[in-house]
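Trainee: For the protein sequence lines, the chains are A and B, in the order given. Using my numbering, you'd call the opening residue of the first sequence number 1 and step up by one each time. Using my numbering, you'd call the opening residue of the second sequence number 1001 and step up by one each time.
No lab work stands behind these hints: they were computed from the structure. Among these hints, one or two may not hold up.
Not close to chain A: a few residues of chain B, all C-beta gaps over 12 Å, as computed [what the hints assert, rightly or not]:
{"id": "1", "residue": "E1008"}
{"id": "2", "residue": "Q1010"}
{"id": "3", "residue": "L1011"}
{"id": "4", "residue": "R1014"}
{"id": "5", "residue": "N1015"}
{"id": "6", "residue": "K1021"}
{"id": "7", "residue": "A1023"}
{"id": "8", "residue": "G1045"}
{"id": "9", "residue": "I1049"}
{"id": "10", "residue": "E1052"}
Result set (EDC-like, lysine to aspartate or glutamate): computed pairs, CA atoms no more than 20 Å apart in a straight line [what the hints assert, rightly or not]:
{"id": "11", "chain 1": "B", "residue 1": "K1009", "chain 2": "B", "residue 2": "E1052"}
{"id": "12", "chain 1": "A", "residue 1": "K61", "chain 2": "A", "residue 2": "E120"}
{"id": "13", "chain 1": "A", "residue 1": "K174", "chain 2": "B", "residue 2": "E1056"}
{"id": "14", "chain 1": "A", "residue 1": "K112", "chain 2": "B", "residue 2": "E1028"}
{"id": "15", "chain 1": "A", "residue 1": "K176", "chain 2": "B", "residue 2": "D1012"}
{"id": "16", "chain 1": "A", "residue 1": "K174", "chain 2": "B", "residue 2": "E1037"}
{"id": "17", "chain 1": "A", "residue 1": "K174", "chain 2": "B", "residue 2": "E1007"}
{"id": "18", "chain 1": "B", "residue 1": "K1009", "chain 2": "B", "residue 2": "E1033"}
{"id": "19", "chain 1": "A", "residue 1": "K176", "chain 2": "B", "residue 2": "E1026"}
{"id": "20", "chain 1": "A", "residue 1": "K174", "chain 2": "B", "residue 2": "E1033"}
{"id": "21", "chain 1": "A", "residue 1": "K112", "chain 2": "A", "residue 2": "D124"}
{"id": "22", "chain 1": "B", "residue 1": "K1009", "chain 2": "B", "residue 2": "E1022"}
{"id": "23", "chain 1": "A", "residue 1": "K174", "chain 2": "B", "residue 2": "D1053"}
{"id": "24", "chain 1": "A", "residue 1": "K174", "chain 2": "B", "residue 2": "D1012"}
{"id": "25", "chain 1": "B", "residue 1": "K1021", "chain 2": "A", "residue 2": "D136"}
{"id": "26", "chain 1": "A", "residue 1": "K176", "chain 2": "B", "residue 2": "E1033"}
{"id": "27", "chain 1": "B", "residue 1": "K1003", "chain 2": "B", "residue 2": "E1033"}
{"id": "28", "chain 1": "A", "residue 1": "K174", "chain 2": "B", "residue 2": "E1028"}
{"id": "29", "chain 1": "A", "residue 1": "K27", "chain 2": "A", "residue 2": "E10"}
{"id": "30", "chain 1": "A", "residue 1": "K176", "chain 2": "B", "residue 2": "E1056"}
Chain A side only, calculated, beta carbon under 10 Å to chain B, not exhaustive [said to hold, decoys possible]:
{"id": "31", "residue": "K61"}
{"id": "32", "residue": "P126"}
{"id": "33", "residue": "M140"}
{"id": "34", "residue": "V142"}
{"id": "35", "residue": "N158"}
{"id": "36", "residue": "A161"}
{"id": "37", "residue": "G164"}
{"id": "38", "residue": "D165"}
{"id": "39", "residue": "R170"}
{"id": "40", "residue": "T171"}
Beta carbons are placed, not taken as given, at the ideal position from N, Cα and C, and that holds for glycine.
Each chain is listed here by its residues.
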Amino acid sequence: MTELQKQMQELISKEELDRAFDARFPKEMQVKLRGAKVAIAGLGGLGSNIAVMLARSGIGKLLLVDFDVVDVTNLNRQMYFVSQLGKPKAEALPEVLYRINPYLVCESRCEKVTPENVRELFADYPIVCEAFDRPDQKAMLVRELLMQCPETTVISGNGMAGYGDANEIRTRQKMKRLYVCGDLSTDVGGGIGLMAPRVAVCAAHEANKAVQLIMEQ
Amino acid sequence: MVKINGEEKQLDGRNLLEYLKEAGFEPERVVVERNLEIIPQQQLGSVIIQDEDVIEVLRFVGGG
């Protein structure tokens, strides 16, 4: 356990947090969410926001994978702070999540995902959220997950650049074990950048589909 | 006839890589499913499209 996680646990007990779970939902739902685990590949605008939403939703365990460090250009849309610049995202994001839920079980891997390590990283996870930035890396991960991890359902983010109509961002089931969230077309390569609102809308689609899948299990 | 992304086409005899290039896809940015099976990237050039195949090509754009 990290020092920060310990400090946060001193501020609130697990029982207090559990009691605060929305009483309008049945207890079984809380139990399902606590027992669930989700992997997030890529901790940028999509991944960091997905992780925060899943931590707030009471998911028991998260696997966070990214090889990159927090950069000043990330602050326009990613869930990091100026005080974390230069820190590996796989270290910086747990610091954020423990402030939300210090009892979250959070495994971090600061490494690049390749076809060679996909199985080792993700095969134990029934749900993997793809949250990479580059289109070739997105395609590689989705392809390898579907081929190498037969028990895994993949939720992918595809098309969320710019500030066009947020209603264009949707969740679609594209294959038996693949859901795709996004507008499927706006490309950062097309002369537009990424902004917090649409990236967060797409991240919320991915996080919501993860919660739905957990509740349906 | 072959069904690609829900559209019927007359394409049999060609390999998947040839089709992707002709249709304007960048092969490294797509995931191809043929008759419910994902095609490994290295096999795109050797898988010949057969009559009655059902093919899904999912194209990825950048941003995340």
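Trainee: State for each hint whether it applies.
Mentor: Here's how the hints hold up against the structure:
1. Every beta carbon of chain A lies more than 12 Å from that of E1008/B, the smallest distance being close to 19 Å; the non-interface claim holds.
2. At roughly 24 Å, the least C-beta separation between Q1010/B and chain A is larger than 12 Å, which holds for a residue marked as non-interface.
3. Every C-beta of chain A lies more than 12 Å from that of L1011/B, the closest at about 20 Å, which supports listing it as non-interface.
4. Non-interface call for R1014/B relative to chain A: holds, since the shortest CB-CB distance, roughly 21 Å, exceeds 12 Å.
5. With a least CB separation of 18 Å from chain A, N1015/B remains clear of the 12 Å interface cut-off, as annotated.
6. A cut-off of 12 Å between C-beta atoms confirms that K1021/B is not in contact with chain A; the least separation is 16 Å.
7. Listed as a non-interface residue, A1023/B keeps its Cβ farther than 12 Å from every Cβ of chain A; the least gap is roughly 16 Å.
8. With 12 Å as the threshold on Cβ separation, the claim that G1045/B sits away from chain A holds: the shortest Cβ distance comes to roughly 15 Å.
9. Distance to chain A confirms I1049/B as a non-interface residue, since its nearest Cβ pair spans about 18 Å, more than 12 Å.
10. Taking the minimum C-beta to C-beta distance to chain A, about 19 Å, the non-interface status of E1052/B holds against the 12 Å cut.
11. Restraint check for K1009/B and E1052/B: satisfied, since their Cα atoms lie roughly 10 Å apart, inside the 20 Å limit.
12. Between K61/A and E120/A the alpha-carbon distance is near 17 Å, which keeps this suggested pair within the 20 Å criterion.
13. Between K174/A and E1056/B the alpha-carbon distance is near 9 Å, which keeps this suggested pair within the 20 Å criterion.
14. A threshold of 20 Å between alpha carbons decides the hint, and for K112/A with E1028/B the separation of about 18 Å falls inside it, so the pair holds.
15. Taking the CA atoms of K176/A and D1012/B, the gap is near 25 Å; set against the 20 Å cutoff, the hint is violated.
16. Using a Cα cut-off of 20 Å, the hinted pair K174/A and E1037/B holds, with the two alpha carbons roughly 13 Å apart.
17. Distance hint between K174/A and E1007/B is fulfilled; the C-alpha atoms sit about 15 Å from each other, no more than 20 Å.
18. Distance hint between K1009/B and E1033/B is fulfilled; the C-alpha atoms sit about 16 Å from each other, no more than 20 Å.
19. Restraint check for K176/A and E1026/B: the C-alpha separation of about 24 Å exceeds 20 Å, so the hint is violated.
20. The hinted pair formed by K174/A and E1033/B meets the criterion: a straight-line CA distance of about 10 Å does not exceed 20 Å.
21. In summary, the hint linking K112/A to D124/A is supported, as the alpha carbons are separated by about 18 Å, within the 20 Å threshold.
22. Taking the CA atoms of K1009/B and E1022/B, the gap is about 13 Å. The hint holds against a cut of 20 Å.
23. As the CA atoms of K174/A and D1053/B are separated by approximately 17 Å, the hinted pair is consistent with the 20 Å bound.
24. Proposed proximity of K174/A and D1012/B is contradicted: the alpha carbons are some 23 Å apart, above 20 Å.
25. Proposed proximity of K1021/B and D136/A is supported: the alpha carbons are some 16 Å apart, at most 20 Å.
26. In summary, the hint linking K176/A to E1033/B is supported, as the alpha carbons are separated by about 11 Å, within the 20 Å threshold.
27. Proposed proximity of K1003/B and E1033/B is supported: the alpha carbons are some 12 Å apart, at most 20 Å.
28. For the given pair, K174/A sits about 18 Å from E1028/B by alpha-carbon distance, which is consistent with the 20 Å threshold.
29. For the suggested pair K27/A and E10/A, the alpha carbons sit about 25 Å apart, so the restraint of at most 20 Å is broken.
30. Taking the CA atoms of K176/A and E1056/B, the gap is near 12 Å; set against the 20 Å cutoff, the hint holds.
31. Contact between K61/A and chain B, as hinted, is not supported at the beta carbon level, the nearest pair being about 22 Å apart and thus beyond 10 Å.
32. Checking P126/A against chain B by beta carbon gives a least distance of about 18 Å; that is not within 10 Å, so the hint is violated.
33. With its C-beta approaching chain B no nearer than about 8 Å, M140/A sits inside the 10 Å limit, and its interface hint holds.
34. Evaluation of the V142/A hint against chain B yields a held restraint, the C-beta minimum of about 5 Å falling below 10 Å.
35. Interface restraint check for N158/A: the shortest CB-CB distance to chain B comes to about 6 Å, inside 10 Å, so the restraint holds.
36. Annotation: interface hint on A161/A holds; nearest CB of chain B at approximately 4 Å, less than 10 Å.
37. Evaluation of the G164/A hint against chain B yields a violated restraint, the C-beta minimum of about 12 Å exceeding 10 Å.
38. For the restraint placing D165/A at the interface with chain B, the shortest Cβ-Cβ distance is roughly 16 Å, beyond the 10 Å limit, so the hint is violated.
39. Against a cut-off of 10 Å between C-beta atoms, the interface hint on R170/A is violated, since the closest Cβ of chain B lies about 15 Å away.
40. Of the supplied interface hints, the one on T171/A is violated, with its beta-carbon coming no nearer than about 14 Å to a beta-carbon of chain B, more than 10 Å.
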